[in-house]
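J.: As a plain string of letters, each chain reads:
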Amino acid sequence: MSEMRFEAPKTAEAAVALLAGASGVARVLAGGTDLLIQMRGGRVEPELVVDIKGIAEMSTITSENGGFRLGAAVTAMEMHEHAAFSKAWPGLTEAAMLIGSYQIKGRATVGGNLCNASPAADSVPALIAAGATATIVGPKGRRDAKVEDIATGPGKNSLAKGEIVVSFLLPARPANSGDAYLRFIPRTEMDIAVVGAGINLTLDGKGVCTAARVCVGAVAERALVVQPAADALIGSTVDDAAIAKMGAAVSAACRPIDDKRGTKAFRIKVSGVMARRAAAIALNRARGKN
Amino acid sequence: MAKQHVVTTINGNAVEFLCDTRQTLLEVLRDELHMTGAKEGCGTGDCGACTVNIDGRMMCSCLFLGAEAQGKKINTIEGMAAGDKLHVLQRKFLEHAALQCGICTPGMLIAAKTLLENNPDPTEEQTRYWLAGNLCRCTGYNQIIDAVLDAAKELRGAKS
Amino acid sequence: MSAVVTEKKLKVVGTRPDRPDGVPKLTGTAQYGADYTLPGMLWGKILRSPHAHARIRKIDASKALKLPGVKGVITAADLPEQKFEYVGAERVAQNFWHMTRNILAREKVLYEGHALAAVAATTPAIAAEALKLIEVDYEILPHVIDVEDAMKPDAPLLFEDMITRGVEPPPTKPSNVSKRVEFKIGDADAAFATADEVVEMSFKTAAVHQGYIEPHACLARADADGQAEVWSSSQGHFVVRTMTVKMLGMKTGDLRCHAAEIGGAFGGKTVVYVEPVAVALSKKTGHPVKIMMSREDVFKATGPTSGASMTIKVGVMRDGTIVAAKGLFKYQAGAFPGSPVMNGCMCGFAPYDIANVNTIGYDVVCNRPKSVAYRAPGSPISAFAVESTLDMAAKKIGMDPIQFRLKNIAKIGTPTVWGPKHSHAGFAETLQALQKHPAYTAPLGKNQGRGVAVGYWFNGGGESSSTVNVNEDGTVVVATGSPDIGGSRASTAQMAAETLGIPYEAVRPIIADTNSVGYTQATGGSRVTFATGITVINACKKVTEEMCKRAAKMWKIEPENVIWEDGSARPAGKRAGEFPPLTFKEIASKRTATGGPVVASASINAEGQAPGFSAQFADVEVDPDTGAVKILRDVAAQDVGRAIHPSYCEGQIIGGVVQGIGCALNEEYIYDKNGHLENAGFLDYRMPVASDLPKIDAIVVEVPNPNHPYGVKGVAEANIVPPMAAIASAIHGATGKRLTDLPMSPPKVLAALDG
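Chains as they are written, first to last, in numbering that gives the first Met the number 0: chain A, 0 to 289; chain B, 0 to 159; chain C, 0 to 754.
Worth flagging that the hints you see were computed from the coordinates, not collected in a lab.
Source: prediction; values computed, not measured.
Beta carbons are placed, not taken as given, at the ideal position from N, Cα and C, and that holds for glycine.
One thing to keep in mind: the hints can contain errors.
What the hints assert, rightly or not - Example chain C residues on the side facing chain A (calculated, C-beta under 10 Å, incomplete):
no.	residue
1	N665
2	L692
3	A750
Unchecked claim - In the PhoX-like style, the derived pairs of lysine-lysine whose C-alpha atoms are separated by at most 25 Å in a straight line are:
no.	chain 1	residue 1	chain 2	residue 2
4	A	K9	B	K72
5	A	K9	B	K71
6	B	K2	A	K52
All chains, please: the whole structure from these sequences, using the hints.
T.: Structure representation (structure tokens):
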């Protein structure tokens with residue numbers, strides 16, 4: 000039986016050096032809520048596990064250029080408890096807080112949710128809708144990437160060997176902005192999203208939508224940015240007709256599969272339903288009503 | 000095989016142990032430290048029977064490596080009663096018949112205690128959502144919810 | 000009826016004391032199956048088939064045995080062959096030839112997860128590694144999962160020589176149909192012609208698992224002299240003993256089985272999986288061996304109850320009379336015969352007085368784990384079909400569903416489809432209690448509906464034993480052979496205290512091991528408080544008789560002039576008033592001087608159990624855009640006979656309802672095209688969580704059973720029978736769509752709404 004090395008470095012660079020230098024399978028341990036299940040099931044047998052929760056820049060939320068820098072190893076509960084962050088990004092915070100039970104929410108991280116690359120990850124559509132940028136550290140130094148470019152398919156991401164996502168930059172919020180994320184699950188808790196929809200929009204002083212991003216999860220091999228759906232909102236007052244058009248665009252963009260969690264037909268229809276309901280919440284938030 | 004040396008605090012006691020780096024905290028508690036109060040119902044974080052409190056947060060000990068326990072403060076069901084005095088939640092679970100088989104009870108109690116530490120006056124709905132990660136197949140949850148809300152009430156009364 | 004003790008005399012029965020076994024369960028010290036260890040203990044792990052159906056050409060464990068730390072490997076070759084015969088009452092017959100093959104596969108593996116070898120090693124990690132080194136040469140065979148597919152003439156056969164039982168003359172060709180059963184009264188076909196309305200519908204249900212939170216686990220220690228000891232989580236440690244000695248060819252007295260605390264079972268722990276394997280490994284290695292199943296193992300290789308395909312036809316008159324009923328029930332047995340289809344055929348129409356009934360059932364093997372008892376085995380399945388059809392019939396004639404059922408309800412003297420007449424009251428009383436609930440007439444909102452259904456279960460009697468030991472301080476120890484799943488130690492202590500006239504706190508109930516108390520059948524069939532309860536009461540009566548004799552000795556009077564009243568011996572007859580009464584405690588303290596230890600045992604093969612009956616209504620709200628069904632309210636009335644501990648009766652009712660809700664809405668076994676179970680975990684096998692549910696409203700109805708001294712009927716099972724149909728009918732009320740395929744998960748509901 001092979002051994003597994005456990006390391007808990009204090010800097011991202013040290014973590015990168017460990018991961019880059021690993022001869023066998025190496026894994027980053029953040030919340031462990033996916034990794035430990037994969038290890039138990041024998042789906043991955045790492046030679047090295049690097050626990051990155053002791054790295055300060057990865058486990059804190061700080062202000063940056065009027066926005067927030069969110070450490071990739073910050074847990075859902077920490078986001079929820081951060082008053083300023085959760086006020087600025089209620090949709091993203093709620094998305095993270097949908098992940099698993101409260102036991103899991105205190106452990107699961109947005110970085111882990113993204114890099115695990117499940118198409119059904121709850122925080123990812125919200126993060127993409129928010130227009131977040133990921134900061135990546137690797138053997139060649141630091142780089143930034145759009146969040147939508149990280150996960151590429153089920154269990155696959157675009158990170159090179161030794162690279163880790165250390166944080167996300169959430170841009171400064173213009174006035175009259177709001178975000179929301181809703182998902183559908185068969186129960187009220189504890190399920191993986193059958194579909195999920197994240198919306199982020201900004202209104203001008205007259206209530207006309209000037210910017211919108213729409214991203215849906217669990218309807219394709221990775222979270223989908225649906226530009227036609229956003230376009231349906233931009234320039235409108237986000238009235239019922241615009242929301243209906245947006246929902247139809249979401250359904251049209253889906254290319255889901257039938258699986259144990261839902262059927263194709265169900266996902267196509269309900270993704271539009273979730274997007275419409277999320278848009279209504281985001282709109283209220285942009286109008287300052289909650 | 001080289002084992003990991005871990006120094007931690009469990010129920011207020013300094014504890015040292017050696018573990019295989021792949022062992023979960025649940026396995027360490029049960030198989031190495033012989034604290035079998037935390038139960039394995041699933042091993043995948045879906046049932047909550049192994050719930051412990053780590054640095055103030057409740058977690059599934061099956062999704063936590065023993066090696067990660069270094070320097071942490073862990074509280075388990077074995078530390079909930081003060082000597083022979085049951086915690087209010089334990090007493091209320093007994094009074095309300097909130098357990099049938101009892102296998103979910105240790106995890107449920109740790110989760111309920113963590114809830115009341117965070118929110119001394121939860122609504123029924125908040126309580127149900129907070130405990131959603133703790134499966135109980137016997138009770139249908141009625142009596143568990145009653146016990147937690149009743150304990151919360153008593154604890155609030157005790158404080159005021 | 001006069002045999003039942005009337006309520007006003009009762010002091011302990013009917014109260015809600017703290018359970019005697021509560022504190023260890025609250026503090027984490029209670030020992031469940033996986034919590035036992037012994038010095039020198041090894042860890043056992045079981046190799047399971049990755050294929051749904053395959054012939055085993057060869058198992059080679061030589062590499063595994065060479066791994067350092069591995070102490071032994073066993074396969075089916077280590078277990079003796081069993082005779083092919085069905086033994087026991089037909090409803091619950093067992094065949095040890097099948098059982099040994101389920102514990103360790105022989106010629107073939109018949110489902111994904113089927114056990115075929117086991118290893119014992121010094122650590123769990125080494126045992127797991129050793130499993131990977133066992134080489135199995137499989138010849139993969141075509142498989143069949145669905146019950147209808149398994150009945151097709153060209154279906155792959157699990158047993159190439161299986162000839163359907165119950166068909167005359169016997170078929171000449173083998174099939175997957177193990178058995179056909181039929182029950183009949185009157186002439187249903189002729190009666191349909193006289194009916195004003197006839198409703199015929201077909202239904203499907205999914206296999207669902209008992210879902211107990213504690214995986215199967217045991218610790219075994221075998222000695223070189225052939226004696227062995229087992230600590231395991233089961234519903235019956237006597238059952239564990241009987242089956243394990245049979246599987247291993249041991250003498251019954253050589254195996255001592257202890258009842259660990261049991262972390263839920265609901266029927267699923269009435270058979271053995273790991274115990275014979277652990278004993279065999281312990282024998283082979285000379286070390287104690289512990290085996291714990293994983294959750295994945297539990298889903299893939301234990302439980303579930305059958306999925307089924309069914310067709311129901313009922314004929315009704317405009318005044319509400321049901322004149323004819325037919326039911327066709329095809330139940331999945333899983334890999335070995337023995338689905339509860341016979342129960343389904345018997346229970347479906349049992350609540351009703353219908354002159355013409357015909358039910359036919361098929362027990363069909365398929366490449367799934369062998370089905371095992373699950374709470375009122377078979378009844379929830381057929382009730383979903385029958386009660387749904389009756390709801391449509393009531394709607395067709397415009398009759399209130401409770402009124403419709405009351406009009407047809409079975410009473411004492413109503414014949415059953417299987418022959419005997421109903422001999423207990425309580426069905427109508429339960430329906431009337433439900434009808435009176437204020438919420439039954441509460442208005443419903445948009446997208447909301449209300450559905451009613453009832454459920455019948457036989458309840459059990461059978462063999463039980465107990466022993467009462469009187470201690471010198473006036474306390475007693477009551478030892479029974481019934482593992483306590485849901486509070487039976489509390490009810491045991493209450494019945495003992497009531498009978499002896501001593502405080503509840505003076506009774507210490509325990510579950511004795513198999514070699515320390517008389518034979519006792521499993522905790523199942525809602526039989527413990529009834530059957531074991533009678534033995535406790537009878538043993539306590541013997542104790543009071545003995546205590547009277549001891550008092551007579553102390554008073555130096557004739558024993559026939561002493562009576563037991565209110566927990567004391569009193570002089571009576573011609574001696575009345577001569578001495579002040581002697582309390583239980585006072586007499587107990589004089590044990591040595593009056594004749595030595597006071598011990599009494601009682602045993603029974605109990606008859607006279609009364610059936611369980613539950614009537615429920617459910618209110619739901621359906622999200623028209625997603626098909627999500629929210630349970631707004633569930634009111635469940637159940638006749639318990641007499642509630643010994645009302646809180647645990649309510650707990651049983653609520654727990655059963657919630658399992659029914661899970662079965663109705665989300666729980667199901669999902670297979671891929673290769674016959675692999677896709678949701679072998681709590682993530683995707685979706686049992687109800689706390690936030691899914693409202694408070695369930697339990698109504699405890701008490702129509703005492705005259706055959707139990709305190710009127711007990713048994714409470715654990717009937718409650719799970721009605722929810723599926725009640726919810727289906729509520730969804731129908733809310734949407735106008737009738738769902739006939741369980742579970743009624745959002746994609747199915749949405750498809751129905753959009754269809």
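J.: Going by Cβ atoms only, is L692 (chain C) closer than 10 Å to chain A?
T.: holds, 9 Å
J.: Does A750 (chain C) hold up as a contact with chain A if the rule is Cβ-Cβ below 10 Å?
T.: Nearest chain A Cβ about 7 Å off; hint holds.
J.: Given N665 (chain C) as an interface hint, is the shortest Cβ-Cβ distance to chain A below 10 Å?
T.: holds, 5 Å
J.: Take a quick look at whether K9 (chain A) and K72 (chain B) sit within 25 Å of each other, Cα to Cα.
T.: holds, 20 Å
J.: What's the verdict on K2 (chain B) and K52 (chain A), does the C-alpha distance respect the 25 Å limit or exceed it?
T.: Judged against 25 Å, a Cα distance of about 21 Å means the pair holds.
J.: For the pair supplied as a hint, K9 (chain A) and K71 (chain B), confirm whether the alpha-carbon distance does not exceed 25 Å.
T.: holds, 16 Å
Taken one by one, the earlier hints all hold for this structure without exception.
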